[in-house]
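**Q** Sequence:
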Amino acid sequence: MLDIRFIRENPEIVRENIRKKFQDQKLPLVDEVLDLDQKNRAAITEASDLRAQRNALSKANGPLFGKLKKASEEEKAAIQAQIDANMAQVKANDLRLQELEQLEKEYDAQLHHDLLQIPNIIDPSVPIGPDDSYNVEVQRFGEPKTPDFPIPYHTEIMERFNGVDMDAAGRVSGNGFYYLMGDIARLHSAVLAYARDFMIDKGFIYCIPPFMIHGNVVEGVMSQTDMDAMMYKIEGEDLYLIGTSEHSMIGKFIDQVLPEDSLPQTLTSYSPCFRKEKGAHGIEERGVYRIHQFEKQEMIVVCKPEDSMAWYEKMWRFSVELFQNMEIPVRQLECCSGDLADLKVKSCDIEAWSPRQQKYFEVCSCSNLGDAQARRLKIRVKGGDGKMYLPHTLNNTVVAPPRMLIAFLENHLQADGSITIPAVLTPYMGGKTILVPNK
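Residues 889 to 1327 (the working numbering) are what the sequence shown spells out, left to right.
In case anyone wonders, no lab produced these hints; they're calculated from the structure. Any given hint could be a false lead.
[What the hints assert, rightly or not] Below 20 Å or equal to it, Euclidean Cα-Cα: the simulated SDA-like pairs (lysine to any residue) are: (1) Lys1164 <-> Phe1099; (2) Lys1327 <-> Gly1305; (3) Lys1090 <-> Asp1195; (4) Lys1140 <-> Lys1164; (5) Lys1270 <-> Asp1149; (6) Lys1164 <-> Gly1064; (7) Lys1247 <-> Arg1178; (8) Lys1140 <-> Leu1278; (9) Lys927 <-> Ile892; (10) Lys1320 <-> Ser1077.
Generate the whole structure from the sequences, applying the supplied hints.
**A** This is how it looks when you write it as structure tokens:
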């Protein structure tokens, strides 16, 4: 959410940013916000003047009452008339104040609604394009494999290890759910445990956050469009199941004033994640690629504004390092303007190589949100000079199985159907270096 003062002083920059995000339907919001802001400030000024006038009139009546007691009969009529006039004006002012206070509430509510819809100002380095087909590959890490044997679909690989049961999950929960079993379930947990320890070794504080959050936190961390498309609401409660632990991790700081010397706040969290969306209904949406429930290790940073781009660089590189340690080739893909969610200043995806499809697919997403979340959640920092300012917030997926298991299984599958276990995961797999299929 942008500062109203910034929009007031830079309306054309805001309009151009909307155009760069290919959201021209939002252009009228700028004029609407400016008009509401002007009306709101005029109402506040008039109300302030009326309160001052009311106080002055009330104060003026004090001496008049004193004079009234000592005045002659002839003088009393004139003094009483002045008192009555003052009291009538006070009453009129009170009625107008009630109107203005109601107008202020209405203007504030509409302003807040409109400001939530105006996208954040993107970084100048963001490539311009309407959708993800304009995202730009920046760099590759690791050599993509082209095996000389066919790679089955990921659920077929899992089934060879008696490692997945989609049918039972369908009977119990419906489409978009799964049972992981045996070595595949253990591999899933091993990846999460390794990711946790990897981030702890990077100096991040490990956290298990709440898995349900209030509506004001949801509004603070994401756009209304994303909220409607993603979040499950608990019926009859002001609670939502989290779509990612970033939501409750950033929400941890709502309405807080952080000492400057406590920055940066660097947290890594484990959580289950719950999402309504079921994907694009293509062939690659089968299995465990895009589902209603999954588990994830996440990282978030709350930092000084001047440090946020350096943290952005560090964070996506952490993901690359982790996947390289698991011997999975990846690439960094810079997200274009039209592919950025409204709160994001800059974002990139880390995509893993799929030997079966002979292409990359998303496994991590790293984002710098500037001060947008901090402004919505009223997170402030008290500087050494005593002045308050808004911090920047960032988030990145460390690892999100079971999706990343697709990349892992495909890249570690051998011609005989076995799965090799890289050295970093061996301790979490009970010392196993290879998994042998049951069938």
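**Q** Hints first: check each against the structure and report whether it holds.
**A** The hints, checked one at a time:
1. Lys1164 <-> Phe1099: holds, 15 Å
2. Lys1327 <-> Gly1305: Since the Cα atoms of Lys1327 and Gly1305 sit roughly 9 Å apart, the hinted pair holds (cutoff 20 Å).
3. Lys1090 <-> Asp1195: holds, 17 Å
4. Lys1140 <-> Lys1164: Roughly 24 Å between the alpha carbons, so the hint for Lys1140 and Lys1164 is violated.
5. Lys1270 <-> Asp1149: Distance of about 9 Å is within 20 Å: holds.
6. Lys1164 <-> Gly1064: holds, 9 Å
7. Lys1247 <-> Arg1178: The hint holds at about 17 Å.
8. Lys1140 <-> Leu1278: holds, 15 Å
9. Lys927 <-> Ile892: holds, 13 Å
10. Lys1320 <-> Ser1077: holds, 14 Å
Violation of the numbered hints given earlier is confined to hint 4; every other hint is satisfied by the structure.
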